[in-house]
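S.K.: Each protein sequence line maps, in turn, to chains A and B.
The first sequence stops at residue 825 when you use this note's numbering, and every number in between is there.
The second sequence stops at residue 550 when you use this note's numbering, and every number in between is there.
There may be inaccurate statements among the hints.
Stated by the list, open to error - Heads up, simulated PhoX-like pairs for lysine-lysine below, C-alpha to C-alpha not over 25 Å straight-line: (1) B:K489 to B:K349; (2) A:K636 to B:K164; (3) B:K349 to A:K798.
Worth flagging that the hints you see were computed from the coordinates, not collected in a lab.
Quick caveat, the model's predicted, so the values are computed rather than measured.
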Amino acid sequence: MRAVLFGILFFTLNSIMAQEFRTDISYKYIFANKWDKAIQTYNFSRPFLEEKQPLLMHGLNASVSYIFKSSKSLKHGINLSYTYFKSSTDNKNMNNILNLHFLNLGYIIHYENNEKTKGLYTDLIISAVSSGVFRNVNDEPFEYDDTRSKAFGIGGDLSIRAGYYLNLKNKIYLSPFVLVGYTPYIYSPNSEALINQTKGLVSNNWTGIFTTQVGLTFHIRQQKND
Amino acid sequence: MDRRHFIKQSTLLSIGGLLIPSTLLSACRKETLFEDINYDGKVIIIGAGAAGLFAAYTLKSKGIDFQILEASANYGGRLGKLTGFANFPIDTGAQWLHGKNSILGDLITKSNTKITLDDSETKYWFNNQLVNSLPQNTDIFEGDDLPDISYNDYALQKGLGNEYKYIVENIAGDQGAAATRLSVFGNNQDEENWNSGVDDFKFQETYFDLIDTQFASQVKNKILFNTIVTTIDYSQSTIQITDSKNNTYNADKVIITVPIPILKSADIQFIPTLPNEKTTAFSKIGMDAGMKVFLKFSNKFFDQNIIGGPICAAYADDSIGKAQNDNVLLAFIMGVQAEYLTSLGSDTAITTAILQELDTMYNGQATASFVASHVQNWTTNPFVKGAYSYSTIDMGDARKVATKPINKKLYFAGEAMNTNGHHQTVHGAVETGYREVINILNDIKK
Chain A
600 MRAVLFGILF
610 FTLNSIMAQE
620 FRTDISYKYI
630 FANKWDKAIQ
640 TYNFSRPFLE
650 EKQPLLMHGL
660 NASVSYIFKS
670 SKSLKHGINL
680 SYTYFKSSTD
690 NKNMNNILNL
700 HFLNLGYIIH
710 YENNEKTKGL
720 YTDLIISAVS
730 SGVFRNVNDE
740 PFEYDDTRSK
750 AFGIGGDLSI
760 RAGYYLNLKN
770 KIYLSPFVLV
780 GYTPYIYSPN
790 SEALINQTKG
800 LVSNNWTGIF
810 TTQVGLTFHI
820 RQQKND
Chain B
105 MDRRHFIKQS
115 TLLSIGGLLI
125 PSTLLSACRK
135 ETLFEDINYD
145 GKVIIIGAGA
155 AGLFAAYTLK
165 SKGIDFQILE
175 ASANYGGRLG
185 KLTGFANFPI
195 DTGAQWLHGK
205 NSILGDLITK
215 SNTKITLDDS
225 ETKYWFNNQL
235 VNSLPQNTDI
245 FEGDDLPDIS
255 YNDYALQKGL
265 GNEYKYIVEN
275 IAGDQGAAAT
285 RLSVFGNNQD
295 EENWNSGVDD
305 FKFQETYFDL
315 IDTQFASQVK
325 NKILFNTIVT
335 TIDYSQSTIQ
345 ITDSKNNTYN
355 ADKVIITVPI
365 PILKSADIQF
375 IPTLPNEKTT
385 AFSKIGMDAG
395 MKVFLKFSNK
405 FFDQNIIGGP
415 ICAAYADDSI
425 GKAQNDNVLL
435 AFIMGVQAEY
445 LTSLGSDTAI
455 TTAILQELDT
465 MYNGQATASF
475 VASHVQNWTT
485 NPFVKGAYSY
495 STIDMGDARK
505 VATKPINKKL
515 YFAGEAMNTN
525 GHHQTVHGAV
535 ETGYREVINI
545 LNDIKK
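Kindly generate the complete structure, drawing on both the sequences and the hints.
M.R.: Structure representation (structure tokens):
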């Protein structure tokens, strides 16, 4: 109950303070070269699998952001983002699923200039990234030594996002947006052991990730743009 | 341009600007390594053990021409199967699946192969009696800052006196080594790289059956048996291999999977000679004597595992995990104990020595109920000469040096060439088999 009350209080206070509250949903594409290599090696080394394991590349993202109140063109805010990727095969006697989760906590530098580029906005997002890869075999978590096979990771990400505000009603806006991002380093020492079941054979214990994203954002804004 | 058009166009441009490169990038990203590679050269694999067979299986999947030259009359290397001795099939070589998190774990799931967790109980032969537990903790060989000294010396340093000699011999024997030769530091490093899991599993059939049915069966028609390679001449662009009958075989690439003692004892002559750093690296990789003796009895007087015998430091009930339960006890003998028993000169003498030890432990019941024995001495097999590789004192990065391909022509596989902590194991050998195919294809691509 306390947690619920705290949540309501937090949301209310932030709504009062916020220039803008956002929530969005998007499609996310990633290119993580080391994880690719681990999956490619997994597929190469297992000719006995009729269906190959797809690379981790297409995912769904949801995020919430607060942009703090400011009269300047340059504002700042915070962002919490979750992304889910799945790679699944269904071979005889062995369906193998890799579930990849990302949780990003980011700081937003938000820019909009209503005089020059009315409705357009740009965000620079610097995030701390945590990742988790899990494996399911035959619809059950893959375990060995009575422990679930898992690979956690941690790193940093830099993204640039651009969108355009469309006013729906009063303070309510919708904006299509695009985002490109780069995670130069995510330390995930167990990922090869989880994916290819080896350590040090395929790749290092880290990867870089290139991301692109396209989606729609729902905004509640204190200040009208048109 | 009005606002509506601007929004529409900028939205479409943005989405297109992201999706088109993403789609193109997706199309470039292949699911498998070397998906489009086309190689018309020939690969010869020397040795039809797990590494050689899996390398062949991988080459076959890529449509690459290959041939396997095997010195003995059988395939499987240090995997073997004995039928007719008991009412269940017996593994004469590798027997336990060490951890499920491996390529062979996947193969077992895929092929629905029946395995059972080996959680059998252990008794210790300690101070001339069988006990359920030991007075002192013997789990001292893992941790930080361990010295590069032998298990034997480290045990003494840690206060495990002479009464623990054969307990320590068993711990080292698990790694295929004599306690005086296995490095505490080196083996601990190996353990740190290990990621397959610590549970051991037994096959209801045999380990050999898994290999045989799942991939050896697909490549065994390409094995030339009784072909003892004596020379590998890699001085020209085409590699020429000569066998003991003076037959020659030509190849563009050669994968050498023979056990490390064969490389150490220079049973194969290389032309030109291998670099010094290579031969030095071979010499640093340990491989001791090893044998398995199966003893069949008319009744089960023995415990599931008996650790610490002066003749044999590890006995195990061989029927565990099997569909039938004949009374078969496995004597798993490594290192100095295997050297001693080999020196007795005959299978009968080896069996007698083991029965005497068991009689001491079980008040004469062994000889009284003895039915038959089978001795599998891997040390006296001229194409193996030992059990499996281990990390010696002052070994450094010998395994990595030993593994390096030479001149994009010679590639080295087999359990001893596994550099990611999985040496000594069948799945480790399999990993080197496909690793060297990857190395070959990478060299071709370059």
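S.K.: Hint by hint, note whether the structure agrees.
M.R.: Cross-check of the supplied hints:
1. B:K489 to B:K349: holds (22 Å)
2. A:K636 to B:K164: holds (21 Å)
3. B:K349 to A:K798: violated (42 Å)
Checked against the numbered hints given earlier, this structure breaks only hint 3.
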